[in-house]
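> Listed here are the chains, written in short residue letters.
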Amino acid sequence: MAKSAIIFFGLVVGFFSLGSFAAETVLINGAGATFPYPLYAKWFSTYREVDKSVEFNYQSIGSGGGIRQFLAGTTDFGASDAPMKDDELAQSKVPILHIPATLGAVAVTFNLPGVKDSLNLTPEVLAKIFMGDIKKWDDEEILKLNPKVVMPKNQYIIVCYRSDGSGTTAVFTEYLEKVSSDWKKRIGSGKSVKWPAGLGGKGNEGVSSLVKQNPGSIGYVEMNYAFENKFPVFAIKNAKGDFVLPSVKSVTKAAEASLKSLPEDFRVSITEAAGSDVYPISAYTYLLIYQKMESHKGKKIVDFLKWSMGKGQTMASGLNYAPLPNQLVKRVLSKIDTIVLEGSSDKKEAHKLN
Amino acid sequence: MEVESKWIPFVLERIIPGISSARRIRRRDVNWGDRVFYYGLKLSAWALGALLLYMILLIWKMSEPAFQMYGWRFFVTNDWNSVTGEFGALALIYGTVVSSLAAIGLAVPVSVAVALFLNELAPEWLSRPLGFLVEMLAAIPSIVYGLWGLFVLAPFLRNYIQPPLADYLGFTPLFSGPPMGVGMMAAVVILAIMVMPTITAICREVFRAIPRSNREAALGLGATRWEMLKIAVLRSSHAGILGATILGLGRALGETMAVTMVIGNNPLISASLFSSAQTMSSILANQYAEADSLLQLSALSAVAFTLFLVSLLINGFARLIVWRVNSQYKSG
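Residue numbers (our numbering), protein chains in the order written: chain P, 1 to 354; chain X, 1 to 332.
Just chain P, with the same shape it has in the complex (with noise of 0.2 Å):
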C-alpha cells in the first residue's frame, strides 16, 4: 500500500510540474512570406538559446496568405514581402507595424551555350526581352551592351517566369514597372501578372529547372537562390548608370540609398532606387506586428523584435540575405517602442486604453 502510494504522489507531482512547465511556453504563431524563410527558421531556432519560454511556429504559406490570417486574427504575427496596401490596413481595428526584417533582391538568369560570364543588360531591353519584343539573343540592342562576348547565331530568347503566385514576380513587375513605360501599359504589376510569352514554373525551383533545361532561356530568381546554385546572372543598370551585379552588399546599398526618402511606416519600394553601387531590383520584407498587444506574449514578441535588429541581422549575411543598414535599425528599433502592452504592470496605462 505504502509502495503504491509513493508512486501515487509521486506522479501527481510529477503532472503538477509538467503543467506549470506547459503553462511558461508561450507558443507565439505566425504565417506569410516563404522568401524569408530560410533565415526567420534560423532566428526562431536559435532563440530558443536566448529565451526558453518562447517556441515559435511559423507557416510559409505566402505573403498574400500570410496577411489574410493575420487580419483574420489566427496569427500573432504575419510576414509579407509587399507592403500592406491602405484597404488592407482599413481592415484592422489595431493598427498595424510593417517591421522590415532583411532585404533581398530579385537575379536575372540566363542559359547561353559557351557563355559562362555576367553579361550586362539595360532595364528597358530587359522589359523588352519579358514582353517578347526582343527574341534572339544576337539582338543588336543585346549585342550592344555586351561588346565582347560571342552571342549564339540565331538563338531564341526563352522567357521563363514564376507561373505561382509569388512576392519574387511582384517585386520583378514593380520594378520593370518603373523603368518602362510600355510595361506598364501592357502589362503591369503584381503578384502574377499575364506573361505575353515563355514557360511557366512552379517556385524558384521551377523556374531554375526551366532555365536549366531550355538553352537560351532567361528567368528571373530569388538572389540567394542564384547563388546558392551558382547560376549566371546579369549586371543590371542603375539609375546612376553602373552595371551592377547582385549581391548582399549591392542590395544593403540600395536601402541606404533610399533612406532619406523612407516614410514613417517603413511601407517603400526601393527598387530603382538612386545611388551608386546599387543593385536596382532589391525589396525589403516585413514582419507584420500589432501596434495593441497582450501583455504576456506581446512582451516575448516585442523582445524577439529587438533581437532580431541586433544579434538577428549578423546572421543575414550568412544565408545570403542583406542586414538592414544601421540608420534604419535604429529607426526600426524606436519603431518597437511604440508598441503598447495592454493589462501591462502599469495600470494607468492599461486603464487609458481601455
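Rather than coming from a laboratory, the hints here were simulated on the basis of the structure.
Heads up, the beta-carbon is just placed ideally off N, CA and C, and yes, glycines get one too.
Treat each hint with caution, since some may be false.
Below 16 Å or equal to it, Euclidean Cα-Cα: the simulated EDC-like pairs (lysine to aspartate or glutamate) are [stated by the list, open to error]: (1) P/K194 to X/E216; (2) P/K194 to X/E86; (3) P/K194 to P/E174; (4) P/K299 to P/E124; (5) P/K184 to P/E124; (6) P/K299 to P/E342.
If you want the footprint, here are the derived chain X segments under chain P, 3+ residues with CB under 8 Å [as the list claims (entries may be wrong)]: (7) 30-37; (8) 72-82; (9) 154-161; (10) 264-271; (11) 289-299.
Following the hints, put chain X in place on chain P, whose structure we already have.
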C-alpha cells in the same frame, strides 16, 4: 406524360438502386443490434453525401461574385489577368479536357495490353512480380511524378522525341513551334503514366472474372490465341474496360501537382502539343495561396466550381455509355 412517369422511377432506380424495395426490408428487421448497425451505416453514407453537397454549396458561395460579374462569359472568354481583373476560364477548361482525354487515349490501349499480357499470356513467375510493380506505380505520390517529369521526362522529350517529330511532322499543327520539353505533351505523357496502373488493375480484375470455360470453348472451336482473346475475353469485358477508363479519367481530370510541374503554365489554346498550357487544377495550385484581390479569389473558386461541373459532365456521360453497353449485352 405517360412516357415521363415511366422514366422517372427508371432513372431514380439507376441513381439509387433498390429505392423502391428499401421499405420492405426495413419493416422485416426487428433485431436491435441489426437496427443500430443499419442506422449507423445509413448515417455514414448520408454524411458523405451531405459533405459533398456542403462542399459544392461552399464553392458556389465563394464563386458567386465572379459569376455575377462575368456570367456565362466566364466559360467562353480566354483572358486571365489578375492585374486588370479580367478572368475567363476557357483556356483552362481546354487544357484540362484535352490533357485528360489525350492521356486516356494513350493509357487505355497500353493498360489493356498490359492487363492481357499479365493475365492471359505471361507465366506465373513473371506476371506476379510484374503485376506488383505496375500496381506500385499507383502508390507513388504525384509530386514525385511531377519532379520526375520536370527533371527527367521533359528534357528527354525535348532532346530525343520532339526534335524528330518537329522535323518530320512539323508541317502539321500538332507538332509546330519550338520544342521546349515542358508543355502539353509532357503533361499528357505524365498523366498517361499516372492513370495506367489504375486502369490496368481494374482490367485485370475484369478479365479474371470471365469464366475459364469461355476461353476453352473458344479454343475448342478452333480459335487461335488472338481470336480467343478477342472473342472470349475482350468482347465480354467492354463495360468493365469502360468503367476502368472512367476511373482513370477521374484521376486525370483532377490531377494537380504533377501537371503543374510540367505543363508550362501559360493559359494558351494551341493545337500544338509542344505549346504550354494550363489546367484548372494547376491554376488553383499556382494562384490560390497568393491571390491579391477578392475578385481573383472568387474567380479561382469559380474555376474550382467549373472543374467540378466538367468532371460531373464527363463522368455522367461516361456512365451513360456504360449503361448502354451493359444493356446491349444483357439484351443481346
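> Hints broken by the structure, by number, lowest first?
1, 4 and 7
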